[in-house]
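*Asks:* If you want the building blocks of each chain, they are given just below.
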Amino acid sequence: MTPAAPVQLLPESRRGLLLGVRGWSAVIGVLAVIAVLIPLLNLAVPAGNPLHLGDYGVALVAKIMCYAICALAMDLIWGYTGILSLGHGLYFALGGYAMGMYLMRQIGHDGNYRSDLPDFMVFLDWKAMPWTWAGSASFVFQMILVVAVPAVVSGVFGWFAFRSRIKGVYFSIITQALTFAGMLLFFRNETGFGGNNGFTDFKRILGISIAAPSTRMVLFVLTGLTLVAFYLLARAIVNSKYGRVLQAIRDAESRVMFTGYDPLKYKLSIWVLSAVMCGIAGALYVPQVGIINPSEMSPAASIEMAIWAAVGGRGTLVGPIVGAFFVNGAKSWFTQAFPEFWLYFLGALFIAVTLFLPRGIMGIKDRLKKEKGVEVKA
Amino acid sequence: MRRLTLRSAFIALAAVLVMVAAPAWALDAAQARAIAVGDGDARIAALQDAVARADPGLATFAQALLDDSVKTTATGVFIVHDDKAVDAVTGQPARLPDDAEDVSNNNRMRGALQTALSGLRLVSPELATRRAAVDDLTKGDADPALLPVIAKAIARETDAGLKSRLERLKAAAQIAAPDRAQRLQAIQLLSNSGEPTVRALLQSRLAPDAETDLELRAALAHAVTQVDGRLAWGERLGVLFTGISLGSILLLVALGLAITYGLMGVINMAHGELMMIGAYTTWGVQNLFRHFAPGLFDAYILLAVPASFVVSAAVGAILERGVIRFLYGRPLETLLATWGISLVLMQGVRSLFGAQNVEVENPSWMSGGIAVTSNLVLPYNRLAIIAFAALVLLATWALISRTRLGLFVRGVTQNRRMASCTGINTTRIDTLAFALGAGIAGMAGCALSQVGNVGPDLGQSYIVDSFMVVVLGGVGQLAGTVLAALGLGLMNKMLEGIAGAVLAKIFVLIFIVVFIQKRPQGLFALKGRSAES
Amino acid sequence: MTTSRRSFSLTLGALAAFASLTSMTPAQAADTIKVGILHSLSGTMAISETVLKDTALMTIAEINAKGGVLGKQLEPVVVDPASNWPLFAEKARQLITQDKVAVVFGCWTSVSRKSVLPVFEELNSLLFYPVQYEGEELSKNVFYTGAAPNQQAIPAVEYLMSKDGGSAKRFVLLGTDYVYPRTTNKILRSFLHSRGVKDEDIMEEYTPFGHSDYQSIIAKIKKFASEGKKTAVVSTINGDSNVPFYKELGNQGIKATDVPVVAFSVGEEELRGVDAKPLVGHLAAWNYFMSIKNPTNAAFIKEWSDYAKSANLASKDKPLTNDPMEATYIGIHMWAQAVEKAKSTDTDKVIAAMAGQTFKAPGGFVSTMDPKNHHLHKPVFIGEIKPDGQFNVVWKTPGPIKAQPWSPYIPEDKGKKDEPEKK
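From first to last, the protein sequence lines stand for chains A, B and C.
Sequential numbering of the first sequence, starting at 1, is according to the working numbering.
Sequential numbering of the second sequence, starting at 1, is according to the working numbering.
Sequential numbering of the third sequence, starting at 1, is according to the working numbering.
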C-alpha cells in the first residue's frame, strides 16, 4: 500500500498552459481578494462598520500566508521528493534575521540609548558593530542575504548529506539536530543577534513608518502576491520533467539511479529552493509580526511545518496552503477560547492525520468527489 | 579582621577548657539569652564571653542553636527536641509556652557558632569529633592566636594523619609570623598541602604588601605551583567524572530508543514523555511513602524503579497497540504520529498535575557527596546513577542475549520475514520490545528525577540528546549505544571547560552531523543491512 | 489538482469568513469592565506564570465582591501566549483591539515585555508588569510593580559585602543568558568597581535557559573561590534551572558559610521542588517573603489558600505566596483605585490618577506609586533559606526605596529623565 500521493499525469487540456481555465480563474480570484478586497475593507471602510476588517485580522492572515509559503516548500521536498525535513524553521529564521538586522539598523538613533548600535549591543558593552553586521544598513544587501544565507547553509548541508546518501529517519533527525544547534547558537548573546530577546521594537522600513496602516497593507499584499507567485512556480516545477524526476526519486530512488539520473543534483536543487522560499517567507514575516527570536528555530516549530503539509494533503500544492490556514487558524482560536485544549487538539491532529488521513484535507475532498461519481482529475 | 580575632579568642579560650564536659547544664540564664537573642555583634560578643567563662553547657547549647531547635520567650530559653522542651539553663523538662519564638541565625552567627564548637572539640576524646573540628578549621581563616591551641592539640594527638594536618594548620597560622625562619618553615610545610584554602592563603601572601622578603616570595611562588599541581589532579578527575556522569545519563536515556529503533525502525518522538511518565511515577511513589510510611522514606527509590518501569512499559504497550502498529513501514509518519502523542501526553500531565514542577526529594543516603580529594566531591546521587546505568545495561544485555525473548527480538531485528516464518509471533514481539524500550525510558526518568527538575517538559530537554546517541552509535548492538553515550558525555564535558556549555553542545551536534556523513550507519551497525532504510 | 469555480468561490468565502471571524467585536456588556490577563499557561514559563494568572483572578474576585470598580464588575479575559514571544504580541493586540480590555496585567520575562511594548504604545493601552527586572526601560504605557535593580540587586550585594553578610571580596556573577542577567550584571560590575572591587575578583558566567548540568560551573566556582579572599555568588539563574543548580550546590558541599549564594529569581515557589536542608543559609533578595509576619500578610496568605482550595488549584495542598504574586495583587488594587479616582478607564486619565497611589502591601509597608517614574517604591528584604523552604528575613531596609529605572551605574544612562519620554 503506497502511502504517497498518486503520480500526477498531465491531461491533454492542461499541457502548455500550467493551469486550466478554472485554475486560472481561481488564482485571479484570490489575487483580487488579496490585492483589492482586503485593502478596501481594512483601509477604506471605517472602523465601526460591520464590514470593516480589523488590523488584527490582517496581521493574522499575513502571518499565516508566510507560513503557507513554508508549507508549500515542505510539500515540494516532502510531498514530491520524499525528503522529510524537521529543520526548515532554521531557514525561515535565517531569512527573518537577515530582514531583522536591516530593521534594527533602521531604528537608528531612536533606541533607548540613542546610539548607533542596537540596544542589545549597548547593554552587552560592545563598542563597535561586529563584522557580521557589515552592510546591514543597506536594504539591497540584506535582501541578498535573505536569499543567500539560507541558500548557502542548505546547500552545504544538502550537498554533504545527499552525497553520503543519508535517508529517511536518520536524515530527518539530522535536520532536527541542525536547527537545534542553530537555536542554541542564536540564543547566545555573544553571537551578536540579540540572544533570547531577538530583534524587536522596529520603527521603520525603507524610511517609512512600519506601524502605519498603509505600510501594513503593502506588506500584506506583497506577502499574498509572493504566495501566489511561489504557488505558480511550484506548479510549473511539478508539471515539468524535472518535477517528474523528483517524484520518481520519491517513489524509487535506486531505480532512478539505475536509469541514469543523478539524484544528488535534483535533491540538492529542490532542497536549496525550498530553503530560499522559507527564507523569503521569514523575511516577510518579521516586519509584520514585529519580532524575531531564536525560538523560531526550535525543533517544535519545524515539526509543525510538516504537519501543515500533512494535514492539507501532501503532493497537492494547494493542500499544504489549506493545511497551514487550517492549523494556524485553529491555533489562534483555541489559544483564545480553550487555551488548555490547544495541545490536545494539535497532538490529536498529528495522530489522526497520519493514521486516518494520509492524503489530508485534499484527500477528503477527493473521496467526496469519488462518491459523487465525478472522475478525479489529476 | 574582627572575625579573625574573634576566632582566635574562641579557640584560645576554649582550649583552656581541657574538660569537654558531659552535658552539664551549667549555662547561665542571662548568658543563654544574650547568645540567642539580639543584634549580631552583641550575640557574638556574648558567645565569646561564654567561651571565656568556660560554661560547661556551651557545647550543647551551641549545637542546639545550630540545629535551629532553640526557642525563647520573654523569660526563658528552651531547647526543643521532637516536641519535648527542655529548659536550656537547667536541663530539666519544661512546658513550652505558646508564645515561644524561634531563634533565627544568619550565616555569620552560624559560622561563629561552628567555630566555637570546633574549638571546643579540638581536644575531644573521640577521633571523629576531632577530625570534624580540624576539617572545619582548615576551611576557615588561619590566625596566629590559634597557635597555642593547636600546639596543645598536636601534643595530645595520637592519630598520624590528623597530626600532620594539625601541623599544617599551625603552619598556616604562622605564615605571617614576625620571625623569618618560622615563616620559611611554614611555607615549606604548606607546600605539601592539597587544600584550596591553603592555596588561597599562599596566594594572598603574594600580594604586593604582604610578604616583602624576596627569597620568601620565591618560596611562596614555588609552594603555590606545587599546591596547584595537586589541585590539578582533582580537576582532571573532576572532568572525567562529570563526563562519565553525563555519559551514564545519556546511556539510560538512549538505551530504550536504541532498542525500539533497532527492532522496528521506529524513532519514537514520545520517548522523552515516557521518561517523564517514569519521573512522575517516582514522584507518586515518593508521595505514597511520605504519607503512609514516612519511616521508610529512604527506601522509596527501591520501589520507584520497578514502578516506573511498569508504568512506562504499560503506556508504551498501549501506544504500540493503539497507534504505532498501524504505521509500520512508514517511519516518517510514525515520527509525526509519535510527536503528536508526545504533545498529548505532555498536556495530559499538565492537566492532571499542573504546569509547575513537582518536588522529588532525594533519599537521605543520596544527598551529599564523598570528598575524594580536597577539591573534588563526588555527589552520591550521580554515583548512584552511574551504578544504576551499569546495572540497567547489564540487565538489558542479559535479557537480549540470554533469554528466549531476547533471542526472538534479535531474530526479528535481523530478518522479520524469516523470523515470522519460523513461527515467532512478530506482532507480539513488537509490542513486548516497544514496552521494554518504554520501560527503560521510565527508569531513565526515575534516575533523572534525582538530579534535575520533574515537570511536564522533562522529556523535551533530553530528546535531541537521545537521538544523537542512537544516530551516532548505530543500532543493533548495545556496544554502539554505550560507546556513543560515554564518548559524547566526555567530549561535551571536556569542551565545556574550554568553550562554555552552549558552544560545547553546538560543537558536539555539528560533530555528529559531520560524522554521520562519513559513516551513515553509525559506529556499530548490523552487517548486511540493505541499502534502503 | 482541480481548481474550479467552486473552489474559487470557496477560497473567497473562506478568506472572508476568516477575516470576519477575526474582526468580530463582541458586544460589550454595559455593566462590566474587561481586564486582560496575559500570562503563559503552557510552555517553559508556565511554571512561574500560571500562579500569577490565578492571583489576578483572585484579586479581581475580591474587588468584585466589594462592588467592583465604578459600580461595574470586572470581567477577566484570560489568554495563553504559551511562552511564545511573537504570540505575546499577537495576544496583546487581540486583547486590546478585539476584547477591548481597559488594562492588561501580564508578562514575566523581559523578552515578552519587550515584544508587547510596541503594541501597548501604539494602541495607547496600559500594562502592569509585576516581575523584578533589569530596568533600562520607562514607558508611559507600563506600570512596573516589580523591583528595579536598585531595589533588589544592589542592596543584596551591599549586604554580602557587609559584616553580617560575610564580608565578601570576590564575586561570581552567574546568570541565565538573556537580557535581565546581562544588564543586571553590567550594573553590578560597575557598582563593584565603584566599591573598589577589581575585575580579576569578578567572574561572570552564563548558562542557557533550561540548563541542568551544573557540575562544571560549580567546579569553576570552587576553583575561583580558592584563589583568594572570601567569595560570594550572585545568581540570576532563571526559574527552572535553579533546582538542578541548588541540588548540585548542596551535594558538592558548598555551604552558605563558605560561599554564600544570593539569588534574585528564587522564591518560595522555586524552592518547592528542592530539598532545602543542604541549602540553609543561602540567600534571596526580594521585596516580599511569605514568612513575613504581619496581619496584612496573614490575611493575604489566607485569602490565597482559600482561593486555591475553592478553585481546586494544583497547589492547594501547599499554597505558597511570593513576590510577583504580591506585586500583581498590589498592581490590580492600585489600578482599581486609580480608576475610581479618575472616574474613567481612559488610559491617559488613569495614568494621571496612578501617580502617588498608595496601598497597604502584605510585605508590611505602604507601597507608593512614584508620581513620575511609573515604578513602585518598594522595601528590600534579604532572606536566608530555612530547612522547610521558607525564608528567614535577616536584613531589611527601614522603609520603601524609590526605584531608579535608569541605573546610575550605566554610563549611557546619563541624562535620562526620571519620567517617560514624550515620543
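Think of the hints as simulated: they come from the structure by calculation, not from any bench.
Check each hint, because a few of them may be wrong.
Unchecked claim - Quick list of the computed label-pair ranges, beta carbon to beta carbon:
1) C/D199 - B/T225: 43 to 53 Å
2) B/P294 - C/E158: 37 to 47 Å
3) A/L206 - C/K318: 53 to 63 Å
4) C/A61 - B/R95: 39 to 49 Å
5) C/G196 - B/F515: 30 to 40 Å
6) B/F511 - C/D317: 52 to 62 Å
7) B/D28 - C/G196: 36 to 46 Å
8) C/G253 - B/D159: 44 to 54 Å
9) A/K369 - B/G348: 33 to 43 Å
10) B/A218 - A/W159: 37 to 47 Å
11) B/V514 - A/Y261: 42 to 52 Å
12) A/W159 - C/D317: 34 to 44 Å
13) C/G253 - A/W159: 46 to 56 Å
14) B/A299 - C/D199: 21 to 31 Å
What the hints assert, rightly or not - Here are the computed lysine to aspartate or glutamate pairs in the EDC-like style, where the Cα-Cα straight-line distance is at most 16 Å:
15) C/K293 - B/D213
16) C/K277 - B/E359
17) C/K293 - B/E101
18) C/K255 - B/D67
19) C/K163 - B/D102
Heads up, the beta-carbon is just placed ideally off N, CA and C, and yes, glycines get one too.
*Asks:* Confirm or reject each hint.
*Replies:* Results of checking the hints against the structure:
Between C/D199 and B/T225 the CB atoms are about 24 Å apart, so this pair departs from the stated range of 43 to 53 Å. A hinted range of 37 to 47 Å holds for the C-beta pair B/P294 and C/E158, which are about 42 Å apart. Restraint check, A/L206 to C/K318: a C-beta distance of roughly 56 Å satisfies the suggested window 53 to 63 Å. In this structure the supplied range 39 to 49 Å holds for C/A61 paired with B/R95, their Cβ-Cβ distance being about 43 Å.
For C/G196 and B/F515, the hinted distance range of 30 to 40 Å is not satisfied, since their beta carbons lie about 51 Å from each other. Checked against the hint of 52 to 62 Å, the C-beta distance between B/F511 and C/D317 comes to roughly 47 Å, which is inconsistent with it. About 43 Å separates the C-beta atoms of B/D28 and C/G196, a value consistent with the hinted range of 36 to 46 Å. A hinted range of 44 to 54 Å is violated for the C-beta pair C/G253 and B/D159, which are about 23 Å apart.
Against the hinted window of 33 to 43 Å, the Cβ-Cβ separation of A/K369 and B/G348 comes to about 38 Å, which satisfies the hint. The hinted range of 37 to 47 Å is not satisfied by B/A218 and A/W159, whose Cβ atoms lie roughly 60 Å apart. At roughly 27 Å, the beta carbons of B/V514 and A/Y261 sit outside the given window of 42 to 52 Å. In this structure the hint that A/W159 and C/D317 lie 34 to 44 Å apart at CB is violated, the actual value being about 58 Å.
Between C/G253 and A/W159 the CB atoms are about 52 Å apart, so this pair conforms to the stated range of 46 to 56 Å. Taken as a hint, the range 21 to 31 Å is violated for the pair B/A299 and C/D199, whose Cβ atoms sit roughly 51 Å apart. Proposed proximity of C/K293 and B/D213 is contradicted: the alpha carbons are some 57 Å apart, above 16 Å. At roughly 14 Å between alpha-carbon atoms, C/K277 and B/E359 fall within 16 Å of each other, so this suggested pair holds.
Straight-line distance between C-alpha atoms of C/K293 and B/E101 comes to about 12 Å, which keeps the hinted pair within the 16 Å bound. A C-alpha spacing of about 15 Å is found between C/K255 and B/D67, which places the hinted pair at or below 16 Å, so the restraint holds. For a cut-off of 16 Å, the pair hint linking C/K163 to B/D102 is broken: about 23 Å separates their Cα positions.
When held up to the earlier numbered hints, the structure conflicts with 1, 5, 6, 8, 10, 11, 12, 14, 15, 19 and fits the remainder.
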